[in-house]
Structures are given as C-alpha cells and as structure tokens.
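Student: Sequence:
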Amino acid sequence: MAVENINELPESILLELFTHVPARQLLLRCRLVCSLWRDLIDLVTLWKRKCLREGFITEDWDQPVADWKIFYFLRSLHRNLLHNPCAEEGFEFWSLDVNGGDEWKVEALSRDQRKEFPNDQVKKYFVTSYYTCLKSQVVDLKAEGYWEELMDTTRPDIKVKDWFAARPDCGSKYQLSVQLLSSAHAPLGTFQPDPATIQQKSDAKWREVSHTFSNYPPGVRYIWFQHGGVDTHYWAGWYGPRVTNSSITIGPPRCPDAPEAPSAEP
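Note that the sequence shown covers residues 1 to 266 in UniProt numbering.
Warning: the hint list may mix true and false statements.
[As the list claims (entries may be wrong)] In the BS3-like style, the derived pairs of lysine-lysine whose C-alpha atoms are separated by at most 27 angstroms in a straight line are:
hint	residue 1	residue 2
1	K142	K205
2	K159	K201
3	K48	K201
4	K123	K201
5	K142	K173
6	K159	K123
7	K142	K105
8	K159	K173
9	K48	K142
10	K161	K142
11	K105	K48
12	K173	K48
13	K142	K123
14	K124	K201
15	K105	K161
16	K124	K205
17	K159	K124
18	K48	K123
19	K124	K161
Just so you know, these hints were derived from the structure itself, not from any lab.
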C-alpha cells in the first residue's frame, strides 16, 4: 500500500531518514514542520545515531555524554581554529605585532629536525630575532561556527597548544599570551605563563606548552593568541625561539578517521 503522508511511516524509519539530513536543516526547518518531527528530532537516539554514522563515536562507546545534540555539534566543529599555524602560507592570517631585530622569518625544518618533531606533517616554523618578535591572531568564534548560545550555555573547554624550541648555540626567551574576549574585546580569561628562558648550549628540543580554559564566564566571542620571543645574546640574524604547530580547539576531540564536516549554526 502506498504511503500518502510521510508521517504514516514508522517512527523508526523517520528516525533513520533524519540521520541523513544535515543537522542545521533538522533544527532550522524539519523541527518546525510538526510536533511529531519536533519530538523525533529532540530524541537522544537520533543524535547518537548521527554521531555514530559520521564517525564521531564508535559502536563500543561507553563514555557518558550529557547532551548528545551538543556533543554532535562540538564534534562536527572540532578543528584547529588558528589558520596557518605551521608557516606553510608565510605570515598569512598573522598580525606581526612586534617585528624587532632582523624581523620574523619562516624557515624549513631540516631532515633531522623533522625526525625529532612529534608531528611529521609539520615542515616549517617561524623564527624570531635579536629584538623582540611577537605575532598574533584573533579567532572570531561565530565566524568559525560557534554560535553565541552554544558558547554561553555549554561553555565547552577551550584548549590551547603551542610548540617552541631554542637553537643549541644561542640562548633565547619564549613567551605566550592567550585571552578569551567578549564582543567588546574585554578579557574574560587569560593564560600568560612566565616567559621560558632557555640557556645557550641547550638540547634545542621542541617543547609543548598547553592550557585548557574551563568554567569561564559567558560572553566569550573571540580568542586572542600571541606568541614569540627574542634571542638573549642579541646576535644578528635569527637565533631566537622557533615556534610552530600552534592550535586552539574547542570541545571534545574528533575521532581520527572522522570526516570534516561543515559548520552548522542552529
């Protein structure tokens, strides 16, 4: 017998159909069609199925999730919000706030350095000079898909990472500052560790610095990231700290094999 109205289909089939509909369309359009669709779209089962279908969880997932709908969106949006973190595009997307000495420069990791660096996808780094060099980037959360209600109600963890290294033949000082900003660019949270001073003839190993912002006030709309440093011997050239592979991520991490998903704002 032919079905004259889609709502005559069993709810299990409707749920399966909804798992194939983009999340934004579910919330903006489908949920408004009727009370049946609204109730089905609000079911935990639907959002858990969508997470499973898109590879955000595995069949044997056993970790507690407070809100599967929010979990889905955070998974789908999860990526590095800093653009050009590894100098592949020169200084594109970066503001050169302080450009002292012989100024910022981009260099390629040598073959030996690439063996030592924990991420084999990183090929280049930014390097500082004999007077202070600082560069920054501002992340616009709404432009990246994180709408205001999501940030204010859920306040997902914001994780910041950076990698730096000195040269073995010259001492240097590295610094990092990260701020959570309101719509008026007022600071709502700050991470600014003491500058790291590395002595001459150090091991020159790459070091990671990281911080997680949790339980911050509502109203975060931007994230300001600034790093850099200076060599402590004031040698002409580029003997200051090297930086690369910087990242800002929000919420739970994606599964390694999960596909990239477009931003979605209900």
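Student: Run every hint past the structure and note whether it holds.
Tutor: Hints and how they fare:
1. Proximity of K142 to K205 is assessed by CA-CA distance (about 37 angstroms); at most 27 angstroms being required, the pair is judged violated.
2. The suggested pairing of K159 with K201 is violated, with an alpha-carbon distance near 32 angstroms, which exceeds 27 angstroms.
3. A hinted pair counts as satisfied when its Cα atoms are at most 27 angstroms apart, and K48 with K201 does not qualify at roughly 53 angstroms.
4. With a C-alpha separation of about 24 angstroms, the suggested pairing of K123 with K201 holds against the 27 angstroms cut-off.
5. Restraint check: the Cα-Cα separation between K142 and K173 comes to about 34 angstroms, which exceeds 27 angstroms; the hinted pair is violated.
6. With a C-alpha separation of about 23 angstroms, the suggested pairing of K159 with K123 holds against the 27 angstroms cut-off.
7. The suggested pairing of K142 with K105 is violated, with an alpha-carbon distance near 31 angstroms, which exceeds 27 angstroms.
8. Straight-line distance between C-alpha atoms of K159 and K173 comes to about 23 angstroms, which keeps the hinted pair within the 27 angstroms bound.
9. The straight-line distance between the Cα atoms of K48 and K142 is roughly 25 angstroms, inside the 27 angstroms bound, and the hint therefore holds.
10. At roughly 21 angstroms between alpha-carbon atoms, K161 and K142 fall within 27 angstroms of each other, so this suggested pair holds.
11. For the given pair, K105 sits about 47 angstroms from K48 by alpha-carbon distance, which is inconsistent with the 27 angstroms threshold.
12. This hinted pair does not check out: K173 and K48 have alpha carbons roughly 47 angstroms apart, beyond 27 angstroms.
13. The suggested pairing of K142 with K123 is violated, with an alpha-carbon distance near 30 angstroms, which exceeds 27 angstroms.
14. At roughly 22 angstroms between alpha-carbon atoms, K124 and K201 fall within 27 angstroms of each other, so this suggested pair holds.
15. Between K105 and K161 the alpha-carbon distance is near 21 angstroms, which keeps this suggested pair within the 27 angstroms criterion.
16. With a C-alpha separation of about 15 angstroms, the suggested pairing of K124 with K205 holds against the 27 angstroms cut-off.
17. A threshold of 27 angstroms between alpha carbons decides the hint, and for K159 with K124 the separation of about 23 angstroms falls inside it, so the pair holds.
18. About 38 angstroms separates the Cα atoms of K48 and K123, which puts this hinted pair outside 27 angstroms; it is violated.
19. Using a Cα cut-off of 27 angstroms, the hinted pair K124 and K161 holds, with the two alpha carbons roughly 17 angstroms apart.
When held up to the earlier numbered hints, the structure conflicts with 1, 2, 3, 5, 7, 11, 12, 13 and 18 and fits the remainder.
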